[in-house]
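**Student:** The primary structure of each chain is shown beneath.
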Amino acid sequence: MKAFWKSMLRHPGGVIGLVVLFIAIFIAIFGPTIFPTSPWRMVQRPFLPPFTNPAVLLGTDALGRDVFAGIIYGARVSLLVGLVSTLVALIVGVPLGAVAGYFGGRVDDALMRFTEFFQTIPSFPLAIVLVAILQPSIYSIVASIGIVSWPPVARLVRAEVLSLRTREYVQAAIVTGQSNSWIIWREILPNALSPVIVLASLMVATAILLESSLSFLGLGDPNMISWGYMVGAGRTVIRQAWWITVFPGVAILLSVLAMNLVGEGLNDALNPRLAKDSR
Amino acid sequence: MTAVPAVSIKNLRIALPKGAERPYAVDGISIDLVPGEIVCVVGESGSGKSMCAHALMGLLPDTVSTETGEILLEGDNLLKLDEDGWRDVRGRRIAMVFQEPMTALNPLMRIGEQMMEMFEAHNLLTPKERRAKALGLAREVGLPDPERIVRAYPHQLSGGQRQRAMIAMALALEPAVLVADEPTTALDVTTQAQILKLIRDLQRRRNMAVMFITHDFGVVADIADRVVVLRYGKVVEEGTAAEVLTRPQHDYTKALLAAVPSMHPPVRAPLEGREKAVDVIGLDKTYVTSGGWFRPDRSVRAANEVSFSILQGETLGLVGESGSGKSSVARLVMQLIKPDRGTVRIGESDLTKLTGKALRDERHRIQMIFQDPFASLNPRRKVGNIISDGPIAHGTDPKVAMQRARDLLGMVGLDAGAMERYPHEFSGGQRQRIGIARALALDPEIIVADEAVSALDVSVQAQVLALLEDLKARLGLSMLFITHDLRVAAQICDRIAVMQRGVIVELKPTAQLFAAPEHPYTRELLGAVPGQSSPSQAA
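Just so you know, the sequences run in chain order A and B.
So the first sequence is residues -1 to 277, counted in the working numbering.
So the second sequence is residues 116 to 654, counted in the working numbering.
To be clear, the hints were calculated from the coordinates, so they are not data collected in a lab.
Some clues are possibly wrong.
[To be verified] Quick look at which bits of chain A chain B covers, simulated, 3 or more residues with Cβ under 8 Å:
no., region
1, 161 to 167
2, 178 to 191
[To be verified] Partner residues aside, some chain A positions facing chain B, computed with beta carbon under 10 Å:
no., residue
3, Ala170
4, Ala171
5, Ile172
6, Val173
7, Thr174
8, Gly175
[Unchecked claim] Cut-off 30 Å, straight-line C-alpha distance, at most; resulting in silico cross-link-like pairs (DSSO-like, lysine-lysine):
no., chain 1, residue 1, chain 2, residue 2
9, B, Lys369, B, Lys349
10, B, Lys453, B, Lys472
11, B, Lys369, B, Lys125
12, B, Lys497, A, Lys4
13, B, Lys312, B, Lys369
14, B, Lys133, A, Lys4
The beta carbon of each residue, even a glycine, is placed where N, CA and C say it ideally should be.
Working from the sequences, and respecting the hints, build out all of it.
**Tutor:** Shown next as C-alpha cells:
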C-alpha cells in the first residue's frame, strides 16, 4: 500500500487530478451548507455580467439566478451521478465478466452475445431513449448511464479472468477442493482488480459527461440543478451572456480532466512494470 | 596462458542500484577469452553471470553502472565507447546467442531476412550477396532444407532449429568472440546435445573465443575448456575444465558439484506385496483446436492409452521431452482436465466418474506440487491462508487449520513467522516448500509433482528433493514424479515411465531402465544427458 502511494505521488498529473477531485468532492458535500442560497432563487437582475457585483461573483442567468450557486449545487448531481452510475456498471459488469471468463464454453458464449447486444447499440441514443421512457429523474439517469456503460467492464473482467484462470495458483485451489465461487472471489478477482479500478476511474469521467449531455438536451432531473442543465439553458443566449455557459462548462472540463488524470496515475501506480520503468 | 586473448575483462565491477540485496552485481571479475577456447561461466541464479555477458555486449540495464574495470578488445576499452561505437562492435566483433530463441527472433520476419539484417545493419554487401550468405549460414549451422527454411517464419521452426538460426545470425559477420547466455536451457536434452555439438564444431572451425554462460555442470563437462565459477558476483574458482571438475578447490564448487544428481540410481527398498495406491487405466486425451469455417480442425493427441499404477509408498517417475504429454497426464490424473476415455482409481472411488461436490470431497486424497514456485502461490494471500484454505474448505475448524499450517511449515523447514507474510517475500526454494506444505495440508495419499524442482538452482534442488524423500517416507506417501531431468529421476524414482508423443514407450524399475534401456527413444534420451563423459561422474 505504501509503495502504491509512493508511485502514485511520483506521477504529477495524478496528484493534480487527486487535488482537484478532492476539492470537487468537498464542494459537493459541504458547498450547500456554506453557501445556502438556492440556485433556483432570483437574486439579481438577469444577465448581470461576472465580476461586477461581489455578491454574485459569476453573474446571473436569464432569470436572474446566481451562476455561482448553480455550480456549487450542480457539483453534487454531477459527482453523484458519475460515482453511482459507475458503481451500477461495476455491479452488473464484474460478476457477468467473471462468470463468463471462468466457466467459458456455452456460458461464455451466451453472456458475451448478450454483452455484444448492448455494445452494438450506440450508447448515447440508448441512454436518451431509456431516460425518456422512464421519465427524467436522478434515478432513471443513474440507471440508464449504468446500463449503457457496463459492457466494457464485463469485457475487461472476462479477459483478465481468462488469463488468470490458467495460473497455477488457481489450479492449486481447484486441486485442494475449493468451490467455484470461492475461487472466483478469493483467488481470481483480487488479482484482476487493478485494470478494473483504472477503467472505473475513467468511467466516472464519461458518466459525468453523459449526465451533462442528457441535461443539456433537457432530460435532466427537473428538481435538481446540474452543470449540463446550466450549459443547455444558457446556450440560446451564449452571444449576449457567455458566462452562463462557460463557467459550468469549465467545471465539467475540470472534473472530467481530474478523473482522467487520476485514472492515468492509477494505471501507472497499479501496473508494476510501468511503475518500475518510470524510476 | 600463452595465446593473446581476444577479449579480456579486467577487474570489472558493476554497481547495483541502492536497496538491492548486495552493492555489486559483479565485483572485481577478470576473465580472458582466448581464441579457440570455450570459457564456461557457471553460477546459480543471482550470481551475476548474465550481467557479465551483458556487460560484454554493452547491454547493461540503465539501473546499474560500471564502477571500475575495463573490457579490452584489441587494445580498445569497450566501456569507453559511445552508442555508435558499440553498434560497430556488436555483431561484427562480438556476437551473442540468447537463452530463449522464440523471443529473441522477430516473429513477423522470415528467418533469412533476419540473417540478412545482420549485414544490412553494418552496411555490408549487396542484397543479392546477403541472400547467398544467409543460405550458406543456414547450411553451415545444419538447418535442414536451407532454401525452404530461410523463407520460414520463426513459429514454423522447432526450438532447436530456432536456436540454430540464432547461432547463424551471431556468426554472420564472423565475430572473434561469441557470447552464449544459457543457449540450451530452454531446449530438450536431445536437442541440447545437438546444439552443444554445433557450438563446439563451429568454435573449432572458426577459432573463436566463446564465453558460455550456464548453470548446468553437465553442460560444463561436455563443452568447457576453462571454467569460471561465480558466486555473489565474485570469482570463487577458475581453472581448466578437468581441474575444476575433478579437483575442485573451493568449498562452494565442491558443494555445487556434489549437488548435481548422479546418473547411477541408488538401491531402493523393494516394494513387493504392497497395495495399489492409484490405478490409471487407458487414459486418452485429444486436444482439438477449431480451425474456423474454412480449415479443418487441428488435433493433438496428448495422451494415448496411458496406463500405470503406483503402489503405496512408491515413487513413479514420468519422463519425456516437452510436448510428450507428461504434464497433460498429471492434469488428467488430478482431474484438472477431463479425459476422453479412461479411469483414475484411488482405492474404491473412480475420480473420472465424480463431478461437483462429490469430486471436491475426494480431491484431498491426491494433491499436486506445481512447477513454477512463483506462479503457484496467490500473490495476494498470506502464506498461512494459502496453506490452511484447503482444510478449511473441507470443514476443518479455522483455528485447528491454522495450527496445522504452523506445524507443516516447521515440517518443510520454514519458521512459523512465515504465516503472516506474502509469497513475494520468499526465495524460489522457500516458495516451493510452501507449495509442498499446501499439498500436505490435506493429508493426501498420493502426491503428483509436476517438474517440482525444475525451476530451482542445483543446490536448492538437492535440498527440496531430500525434503520430498524424507516426507514421503515419514508419511507413507505415494508419488507421481514428472520431470524432464533423467538425473533427478534416477535419484528419486522406484520405477520410471518414459513418454513420447502421448504414449508410454517403456516402464521399468529405475535401475533396470538405466542399465538396459530397450526402446530406442529411451536410449536416445539417456545418451543425450549432458556430462556423462566427465570424470567427476565416475564416483
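**Student:** Can we keep the Ile172/A interface hint, with Cβ of chain B closer than 10 Å?
**Tutor:** 6 Å, holds
**Student:** For the hint on Ala171/A, does the least C-beta distance to chain B fall short of 10 Å?
**Tutor:** With a minimum Cβ separation of about 7 Å from chain B (threshold 10 Å), the hint on Ala171/A holds.
**Student:** Return the status of the interface hint for Val173/A: holds when the least beta-carbon distance to chain B is below 10 Å, violated otherwise.
**Tutor:** 5 Å, holds
**Student:** Should the hint that Ala170/A touches chain B count as held when the rule is a Cβ pair under 10 Å?
**Tutor:** 6 Å, holds
**Student:** Would the stated hint for Gly175/A survive a check requiring a Cβ distance to chain B of less than 10 Å?
**Tutor:** This interface hint holds because 4 Å falls under the 10 Å limit.
**Student:** Hint check: Lys369/B vs Lys349/B, CA-CA at most 30 Å. Holds or violated?
**Tutor:** 16 Å, holds
**Student:** Check whether the Cα positions of Lys133/B and Lys4/A lie no farther apart than 30 Å.
**Tutor:** 17 Å, holds
**Student:** Take the region 178 to 191 of chain A, compare each residue's beta carbon with every beta carbon of chain B, and decide whether three or more fall closer than 8 Å.
**Tutor:** holds (count 5)
**Student:** How about the region 161 to 167 of chain A: do at least three of its residues have a C-beta closer than 8 Å to a C-beta of chain B?
**Tutor:** holds (count 3)
**Student:** Hint check: is the beta carbon of Thr174/A less than 10 Å from a beta carbon of chain B?
**Tutor:** 3 Å, holds
**Student:** With a cut-off of 30 Å on the C-alpha distance, tell me whether Lys497/B and Lys4/A pass.
**Tutor:** OK: Lys497/B and Lys4/A at ~23 Å, within 30 Å.
**Student:** Between Lys312/B and Lys369/B, is the straight-line Cα distance small enough, at 30 Å or below?
**Tutor:** 27 Å, holds
Comparing the model with each numbered hint stated earlier shows that all of them hold.
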